[in-house]
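Enquirer: Using the hints, position chain G against chain R.
Chains as they are written, first to last, in UniProt numbering: chain R, 1 to 470; chain G, 1 to 470.
Some clues are possibly wrong.
As the list claims (entries may be wrong) - If we take Cβ atoms under 10 Å as the criterion, some of the chain R residues that face chain G in the derived model are: (1) A23; (2) F51; (3) L266; (4) Q269; (5) Y442.
Because the hints were derived from the structure by calculation, they are not lab data. Note that the structure is a prediction, hence the values are computed from the model and not measured. Glycine included, each C-beta is placed from N, C-alpha and C at the ideal position.
2 protein chains.
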Amino acid sequence: MSMSAARDVSGTRERLVVIGGDAAGMSAASQARRLKSPEELEIVAFERGHFTSFSACGIPYWVGGDVPDRDRLIARTAEEHRARDIDLRMRTEVIRIDVAGGRVRARDIDSGAEYWTSYDKLVIATGARPIRPDMPGADAPGVHGVQTLDDGQALIDTLTRTRGRRAVVVGAGYIGVEMAEALINRGYEVTVVNRGSEPMSTLDADMGRLVHEAMEGLGITMVNDAEVTKILTGDDGRVRAVATQDAEYPADVVVLGIGVRPETTLARQAGLPIGDHDGLLTDLAMRVRGHENIWAGGDCVEVLDLVSGRERHIALGTHANKHGQVIGTNAAGGYATFPGVVGTAVSKVCDLEIARTGLREKDARRAGLQYVTATIESTSRAGYYPDSALMTVKMLAERRTGRLLGVQIVGREGAGKRVDIAAVALTAGMTVEQMVSLDLGYAPPFSPVWDPVLVAARKAAKAVHAGTSQ
Amino acid sequence: MSMSAARDVSGTRERLVVIGGDAAGMSAASQARRLKSPEELEIVAFERGHFTSFSACGIPYWVGGDVPDRDRLIARTAEEHRARDIDLRMRTEVIRIDVAGGRVRARDIDSGAEYWTSYDKLVIATGARPIRPDMPGADAPGVHGVQTLDDGQALIDTLTRTRGRRAVVVGAGYIGVEMAEALINRGYEVTVVNRGSEPMSTLDADMGRLVHEAMEGLGITMVNDAEVTKILTGDDGRVRAVATQDAEYPADVVVLGIGVRPETTLARQAGLPIGDHDGLLTDLAMRVRGHENIWAGGDCVEVLDLVSGRERHIALGTHANKHGQVIGTNAAGGYATFPGVVGTAVSKVCDLEIARTGLREKDARRAGLQYVTATIESTSRAGYYPDSALMTVKMLAERRTGRLLGVQIVGREGAGKRVDIAAVALTAGMTVEQMVSLDLGYAPPFSPVWDPVLVAARKAAKAVHAGTSQ
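Looking at chain R on its own, in the form it has when it is part of the complex (with noise of 0.2 Å):
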């Protein structure tokens, strides 16, 4: 490790520190590299893990056999950060931001040893931490969360060791389901234990119904309205149990999948502008609001939601490495800007297919919206082609405009990316009427003659029409 050079410093060349080697971290760096040479910008970045630029989304299909070894999550190693100019720190830990003095003061985990490090343009990309519950036997052997690979290899380790074939998943979010799946695919009688009324509660209770229905179809035992209040730990101090008000679930390993927070304790204590989601606040050029020379991206930043108006924390690599994109951009003296997010998610349980963008119906009253909803059943192809799958589209238009508000997908094979075309029309600010006449790919194994997206927005026409008289 190369702490020389960073103190190095020629009289002109300016300095940009990054806190968090992931991927908006890791993404701001390269491409503020590739806009500028070593002579012209010094980039220093700290990470506190043992690794850089990994898919956390990633770690579910390693788990479950489908990724062959975690390696392959890695997208750039630290050594290939270093090798195009990166002065890239690896466990140490960024303990605290001076803003007024321009400088940062990072802490080598392993050597306790401590220093300040000015910088000229400063990135925070402090990532997410797991919500651990605040219970009992939280912490058991056994007991494991899935957001780093450290993580991963840990649950490998205990899935490898351990006799017992009863997992129980705690939260029925994306990576409570492909965490369920993950865990059938090795053998696993999985319990999901879930809060709410149906799984996946980014979506309404009754796409998430299709998720429930679906899911007991595979096997997997789904309890929902169901708040964990211990883990019940056996006499070697392992996890045995997973305990609700009702009712207690065998275990022989459980996994906590209950979401993430942004981790911006450095952030608050420094003075920065923390939103209602506890994310950092910045601008579309994601400058950290007041803030000439600090950039935030990735999951410690809320950001636009552009159908509701308003601030979301939305925790997603494919976000973070956008975010990254623009900072490095705008820290190397360029422009770009992340102008906000629909909502879109993708996800899928073995061969269910889960998607979702804009609002929900609870979103669209939150953010004062009255609207329409239309529900469909069609298939992923021609009916009469092979394997064509039945789906379910659910779509949200607001009352009198008729603009698209939501799409919810729930299917099977082709069923998921078709969400990319109401994202797409969410972002033009399209009506459902205006996508009825969308020019879609047809074909029929590909398609039926109407997508399934355009039978939806029919229906979502059709409503919008019969309520405007009101």
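Expert: Okay, now just chain G, sitting in the frame of chain R:
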């Protein structure tokens, strides 16, 4: 067949006459019937063939064996239409439209009987006819078109009877490549003879080249730059080879997939407006220009290309169905429009997926547009996820403005329907720079962290910026 019903005209109800009982015509009739009762609107439809509402696009999959029987391709039978109070007259050809008199002359093909039927409103949905080369041998036994179900059945009969296993497909557009797949699936040695420099002239030649290579990889012999001069027959009168200017290709069966032209003979005789591509010209409500009570739709019309601003002819079931819906609504006194197309098409040859939307390079030049191009290679899923497949995406953007002009995609599973992202973006008039920020569905089984379409947009945006100073 109840003709009496048609003559039993009450004093006030109107009569809608539909010429052509396939997608556009019967969609129009069905939609009009949904909106108007038989007491308000009488609907008479003439179809000269044996079938209604069938999927011509499905014929290659029926011939190839993916679709087990013909009846699966019939979306709605004549009996089903009649049960919904549509007076459908099969095997009845309209041989004249008398616009001034508001009537059409029909001929019962089997009996030869002719009669006039008056109309208050008329729908022309006469479809397209295949281009049959005017050359010796084109009508020989063993030479087949694939436009109608009768054509499909005749080809299947030939394939069943013929002992030889050599097939020549003339034409390398959608029909040609899909028929190549069908014949491969039936165990034939397939040669495709193509006039252009590469297959799929709906793509630029550099992308067609990828299709060429993939087809050869599938064991299909691809002959480009070859004009078929005659079809040679044996002593038994059956086809034995296809001759070009340079060579002869032995053939036990020949499939003609050269394309289609609007069937507008009747419309032309009636003095209705015909465009540069031989199609009827309509307004955006699908009303024949200058004729308040005549509509036309489906393969016999020209449509507005929203990207170039010009009329085009595109024979595609998905458009025909939309036209029918719009016409039926308007003919029943409602309001709907078909705003135009962006030229989206998707197809496959075995596991190779081919898609395009918007303008090719030559279309852009013809429209007076200057453009930049970007071509990238990426994968359908995260690189580390199983079955992640390569795809090539080519993007055209307008010089200076950066407006998206077109996208072409060639790849394997997951490539084809990605064109919908671009189709919606084209419709919305987005720039490639705006597309870079699109919030598309991301999870490792569905997409790399940067969707291939976004990677192409990023590269195209760079090319636009590099070129803006010029």
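Enquirer: Let me make sure I understand: some of the numbered hints might not hold for this structure. Which ones are they, in numerical order?
Expert: 2, 3, 4
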